[in-house]
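Based on these hints, arrange chain C on the given structure of chain B.
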Amino acid sequence: MKRPSLSLAGLLLASRAIAAPVGATAVIDRPLVKLDGEIIWKSVADERVKRSMGQLDLRTVIEELVEEKLFLMRAAELKLTVEDSEIDEALKDIKSENKLDDKQLDEALKQQGYTRQTYRVDLRDQILVLRAANLDLGSKVNVGDAEIAKVAADRKLKTPLSDADRTAIRRELYGLAMHKARAEWVAERRKSIRIEIRADK
Amino acid sequence: MIRLLVVVMLGACGGPGAPRPIESPRPKQPVAADATTWDKLEGPIKKVEIEAKNAKLRGDIERVFAAELGQPLDRVRLRGRLDATMKLAGVAELAVRGTQIAGGIELTIEVTAQPKLHAITARDSAGKPIALTGSDVPAVGTLLDPRLVGRLAGALRDRYRDQGFVSADASWGTRPAGSDAVDVLIEVATGEQLLVGKLEVKGNTLPTGELLKVLSAILVVGEPVAPDRVERASVALTELYYDRGYPNVQIANPTFSGAGRTTIGYTIVEGDRFKLGAITIKGVEPKLAKGATFSRIAIKDAAQRLRDAARQDGMANAEVLPLTKVDLKAKTIAITFEISHSP
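Going line by line, the protein sequences match chains B and C. Take 123 as the starting number for the first sequence in this note's numbering and just add one per residue. Take 689 as the starting number for the second sequence in this note's numbering and just add one per residue.
Which chain B residues face chain C? A few, computed with CB under 10 Å, are given here:
hint	residue
1	I140
2	V144
3	A146
4	D151
5	G235
6	Y236
7	T240
8	S261
9	G266
10	E269
11	P282
12	R316
Hint data in this document are derived by calculation from the structure and do not stem from the laboratory. Glycine included, every Cβ here is placed at the ideal spot set by N, Cα and C.
Bound-form chain C, shown alone:
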């Protein structure tokens, strides 16, 4: 749903995350004397002052804001320039002040530069150090890049999750390390490791053994419960159902029972079983029969055969589109294979 004019959004955030050892750089407080509000400032922008220690950075930012000179104050336009400035390497934070001067406004851009990375370490919730290797690790001596550190923390979290620590989380923070430098510490709260103990399915009319065979090919007993494998197992079950006549099947998020070796339970809502209804062919024979059990893969194969046949028959660019029409009462799905080609 696109928000228009009346703003209706789904507020879904909780409070901020767990406390972290944050010591990030912050800009100076704005001058309180003779304070006003931005909408009281009048006239065109007559001067832009950049407050940054680094001369190169100052020059780069001056170029971004040069086009503001002579313009009336527009916070939306300024925001675009602030976003562009934040993308410059080494910028930690920005704030814009305006001062009423004779005949216009003076803009002051307060720039806080990123500190240098003095050291970066990681540890798990037991205090055990985690080795940081690879090209994703920010280099010591470079300017702190929060996006890089955030990505690295996410990668560490995922590494634990893949090893069965399904509730693992990672957070990071900085501590001052001399002037203009910080140490970064990434902490991974691992939680309990889960291993595949037993697999269960419920809600099914298809043979349980057949379903468990599909699951156990992906989720091996004794191995860690990896989120991507759990997801792949759900997809594999869904695909099996698609090819057994159940196009409306739903597989609920699996449940985990017990710590350590856990039982993973899949609840299945099969929905109705469909057979093929009328087969309408515009072109060549698809080798599908009315009354056969619906199978997504069979339809895909039929479409492929039709396409190949059509192409061999001189329609070099032929494409085949299976169009379905569901009859809920009759529990059938009629299919029209539409063959298109451009001469």
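Only chain B is shown next, with the shape it has when bound in the complex:
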């Protein structure tokens, strides 16, 4: 494939060179989705589409954001909170799992359009979503020994299962069951919340 002749840096410079003329007007932000008075801003969706680097389209992102917002609204109902120290701890885990130091983390975040501060806000929301989901759905999502044994048999794994295999299958099945439970919860919740999507403008 022929390589483009203009470098990325060149493209960026070129785009910056075309500044708006005096008098030009742009919409900077507006509501994209309204859920009983709660707002998902267009800028949030734009940022997520951009971060996905072509993996997600606007429609998919809207669905994700609506799901998250519904859980955040639930978290608010349940008066769930996240301490700063918990966000510090989550950041520490992220650095450790990705083998990043502070400078590398900041660089990675910058590439994704985050600052450390905005990423902390995002992390707080993610933790709240997880907490609300676990609180409402955790006790309803079970993985039984029989299900684990069935998966082990399907995969022709050696029995009795090692602890590692058992744990891995349990985690996998739990993830699937939680995914299904979340989908059902969201579908149910959507019925009782007035949702207006304004993707047309």
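Structure of chain C alone, referenced to chain B:
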């Protein structure tokens, strides 16, 4: 799982809910002439214009955005101000436009105010009016608050569900009622009412009669199937199993068979039955015996006795933590009671 850098989320939403009579206020369309995109705007924010009819609201919003003057355009920071503005009473909607002016950017905040609530009514799917009483009902004459109306619709739905209309849903919408006012209508789609007809359990080795006794104390035949009672019955079954040696018991979501008087079925996966393994005590005697059937409540009682004994013995702040170690092959659970106290 925390999302980091690569975004992986579980997309699980269906389409929007059922059509509703929505006539919500919307801001004006942005000016199309000389349109550009926000990232082409250059320079610091030199001016902030608030477009709102209400003078007090305009003043309040001006204060929120005052700190933007002199700053470069930052959509994340602006979003924080928009969120703060949305929390102000009477704000229905906001949009921000930017205009390139000499040496910077002029921000225009378009504010759509909430209309006044002219009337609020509710009806069920048969068209029968539902009486709205209590402090949760928004007052006529006040500005529409969608959160309050949403909460009221949810409460009405739950009221029906508690009466056995387990698939009841509520939606709401507005219709114009003169200038700057709306009527709100809440509609409850009730679905069929279910009454407790028969209770069934399957998958159990514990005596069925004992399990049905637990269930029927909560789910009474002839009474409406209330979701919280169904849930409580599941919890009660689980607790019974916990105290009969089955710490891994799983109770599946109950099934409902038949309309009207329904049969509620509980499927139980008991898991292995455990006995107590080695009992390690650091402090005083807990009165638990190795080989006894595992019982969560017995362990809790033992921990309580140990704590009381330790406190009587001079350890005023003593706390007891039962630490368990499961042996799946031997089907035993070893317990170490760890007594801690601060002098």
